[in-house]
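Respectively, the protein sequence lines represent chains Y and Z.
Residue 352 in the numbering used here is what sits at position 352 of the first sequence, and the numbering runs on without skipping anything.
Residue 764 in the numbering used here is what sits at position 152 of the second sequence, and the numbering runs on without skipping anything.
No wet-lab data here; the hints were simulated from the structure.
One thing to keep in mind: the hints can contain errors.
[Claimed, not checked] 27 Å max Cα-Cα, derived DSSO-like pairs, lysine-lysine:
no.: 1; chain 1: Y; residue 1: 480; chain 2: Y; residue 2: 538
no.: 2; chain 1: Y; residue 1: 398; chain 2: Y; residue 2: 303
no.: 3; chain 1: Z; residue 1: 853; chain 2: Y; residue 2: 128
no.: 4; chain 1: Z; residue 1: 659; chain 2: Y; residue 2: 125
[Claimed, not checked] Computed beta-carbon distance windows for the label pairs:
no.: 5; chain 1: Y; residue 1: 82; chain 2: Z; residue 2: 755; range: 47 to 55 Å
no.: 6; chain 1: Z; residue 1: 831; chain 2: Y; residue 2: 201; range: 55 to 63 Å
no.: 7; chain 1: Y; residue 1: 390; chain 2: Z; residue 2: 831; range: 22 to 30 Å
no.: 8; chain 1: Y; residue 1: 390; chain 2: Z; residue 2: 924; range: 50 to 58 Å
no.: 9; chain 1: Z; residue 1: 726; chain 2: Y; residue 2: 85; range: 21 to 29 Å
The beta-carbon is built from N, C-alpha and C at its ideal position, and this holds for glycine as well.
Spelled out from the first residue to the last, the chains are:
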Amino acid sequence: MKQQNVLEISGLDVSLPTGDRILSGVDLAIGGGRILGVIGESGAGKSMIGACIADTLPDALAVSAGSIEFDGLPLGSMTRATRRDLLGRDIGFIPQEPMTALNPALTIGQQFGSHLARIGFRWPKERKERTIQLLEDVHLPRSRELLSHYPHQLSGGMLQRVLIAMAFASNPKLVVADEPTTALDVTIQARVAELIARMVETHGASVLFITHDLCLAADLCDEVAVLYAGRIVESGAAETIIGSPAHPYSRCLSLATPTLSGPPRPLLTLPGTMPSALERSVMAGCELAPRCPVAEMRCHTDKPLLASTTTGHRSACHFPERVSAIQAPAEEPQAAAREPGPDVVLRAEGLAKTYIARDWIGRMRRVEALRGLDFEVREGEFVGVVGESGSGKSTLTKLILGLEDVTTGRLDAAGFAGSDRSAATLRALRAQVQLVFQDPQSALNPRRSIGSLVTQSLEVRAERPSRAARSAIARDLLAKVLLPPDVIDRFPDQLSGGQKQRVNIARALCSNPRLLVADEIVSGLDVSVQAQILELLKALREEAAISLLLISHDLAVVRHICDRTVVMFRGEIVEQGPVEEVFGNPRHDYTRALVAAAQGGTSLRKTMSQSQ
Amino acid sequence: MPVFAVVSMLVFLALRVLPVDPAQMSLPPSATIEQVEAKRIEMGLTKPVWEQYAVWLGSAVRGDFGESAQYRMPTSTLVLQRLPATIELATCALAFAIVFGVAMGLLIFAARGTVLASAGMVVTSVIMALPDFLLALLFILLLGVLMPLFPVNGRLAPGLSVPDLTGFLLVDTLAAGEPRLFLNALSHMALPVLALGLAFSPAIIRVLHSSLVATYQQSYIRQARLRGLSDRSILFGQALKNAILPVVVLVGTQFGGLFGGTLLVELIFSYPGLGNLMLRAMQTVDLNVIMAVALIYCATTLIFNSLADAGVYLLNPRLRS
Ligand SMILES: Nc1ncnc2c1ncn2[C@@H]1O[C@H](COP(=O)(O)OP(=O)(O)O)[C@@H](O)[C@H]1O
Ligand code: SF4
Ligand SMILES: [Mg+2]
């Protein structure tokens, strides 16, 4: 008899009341003790799979076809109460946002205790001892003390460990982990992923591991399934998903991901965006066809079905043999040899910032946010600032933009001394130094058209250009950031995240700045969108001789577009230099830890960079 | 404290601006102009207003609010006699409002999506539209006159009395070992408490309901459900402790309104508390009494504001560290 799968999903459809499908024909199977990765970009429908298993689909959505069998039993035929009873006992869940997944008003001990009570630990003393032991199993130090702590007193990484311990407390058969490391600081992502792998081993659970990170899935999982537009486009062994993908989409995703090792190369950019459920309903052929680099006529008319390929994967593509023909674009020769100009656009000398904070009883405390920073950004140079959250990156941004006073040292931005904070200087400074925010939405007034948003800074000028002139400028800027001209009359809500971020960049370019300060501008975006933005920034450098200070937690991104990098740790610069040197041969311990964390310390990522 | 000083000053000034002469008020109508003049000097009324205020404040902080012009006894004694009745009334009304409001809020929320919930919301809106004194009149009509279940006058049936121990009848009757008197006092309180408490409850119901709705959108509730916790333990064990915070703030900031509501309700039920004292004092322009009672209203409001702050602080661990 064939060994029974712990989870078997077949032909699963999830539909809107209109009949448009969010998931179509999803087949997944997880054997005992195996980890299945579900990879896909945001909106692909990954979380909906977990919601189907937990019976927590949003009100508007419903399973319209297919079945889910858990441990041989069809979930669809069970009562709500029975299904509910499986949760937390036989099926554990690890959430995406550990910071908000625990109740802020209850202690860790109380929450863990109520979970243990629910899974059958009758006595408080027994629960307490068990909690302590489980917390020790996930390597939480001083676990006895943690019991009386509230969630806000713990870091995201610690909270995720608590949640992992909870998920495994009942020895569940299946654990669903929905992007469990996405919200964590880079330096701990790898460790948390490792912890999950180890827990799976000791508890013998099977895992449905949902992620947007191809490399992470390749590291951690036994099998992977790639989800695009609600459909599984490829499934197979995890080790080969990066090295020999059998579907153009998987190949494109990996070519769009910047890497930290291997020769530097431009990123592949997929045109357009993933079709929505509505758009998919009227597509006769392959959902990827409009964006696929190797599509043919047939792709637009025939839907490809999942079928086995020579690589041992199953791929939903008419031409799986063409996958290896997809290559990243070649580096333009002059780009590699580019030298920064002689002018210094940004210079910090002994820059320091100290905040005076008051605690709740009014005691004063000095917080040294930045200490003795020395660095410069030359004309046309791209410099990446890396470091974990709390290392002072945001404080630095505020100082550069003149939003706060420099405590000691010098800071000259675009020729303006940071100590001069007269209104006129600040206004001139703002024209020369522009900021692009992390959240593409927050900076855009939803009631203004894209055209007027892009040229908003011209409206306050004394010699304000005419409406027609402004709209010409807007059209120019939108073309520069590769947005179609018709977005000029649209509103922010009608654009995708990546498009909004381009609008923000166009807006920043409006005053012809010399320096762009970009605070984590790609961190919320999907890899394919991220690749588009990064390549756009590179193109702008060739064209506009602009300098960029890119603040990012992602070393691979920095390596990909920056010339030099500045590594910050606890308010100080611990290392700086050309990206290849710093990341290739890190000298400071902290840089080494960052690089190791980013590489995940596995051989798989090396395979990835070699295969390209 | 600074708030208190400002309020007392405002009340003092407002009363001094009134076109009445305290000296004349405190003398029989037959008093001559010379006698009134002498009294004015004796009472310090010829001094500048700020000096009068300083003198008044000086004795007020020592608990001396002067003499009541009408009752011819120290204002403080008078107020202390009446205060327990009003505190008893307001406390019971508040307790009723909280118990009823929280229960209804939970019920309507638990029944969300059903007809029951919509009906509950309609009833809540209707009660919300009725002010406390109107509810009082309605109850008198319904439960006092048409269906005379409860007395509508005073604190005890005529002829009954209890030894005055604390001034709180519910306490004193029990202390005296008189359950019959206790029930009698209780039945006298029923309608005023119902009127005041019911008028206050819709705010609690609404705030609790919408705060529960917001809480249920939080991801820790979703996560609790994914751990298989039952609806009941999610509501009581997880959501309520967070959702109750806005209710605590509401009670703290709005209690002043309930306390002020005793004024008219006491009048309607001839309930011998501060409210009736205040109304009499106003009719007779008994300035010292008005002043003292006004300050008590103000102090109660401030005290409850601080209590709410303390409550929120205790319930919200994020504020504590
Ligand atoms: N409440 C809802 N009503 C309608 N559509 C929804 C709802 N929630 C999610 N969707 C749609 O379902 C799709 C899949 O969402 P999701 O599973 O969250 O994607 P992922 O987890 O892969 O980022 C999205 O396109 C989204 O628009
Ligand atoms: S079927 Fe055609 S469009 Fe779809 S992935 Fe394959 S080649 Fe591309
Ligand atoms: Mg998701």
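Hint by hint, where does the structure go against what was stated? Just the numbers, ascending. 2, 4, 6, 8
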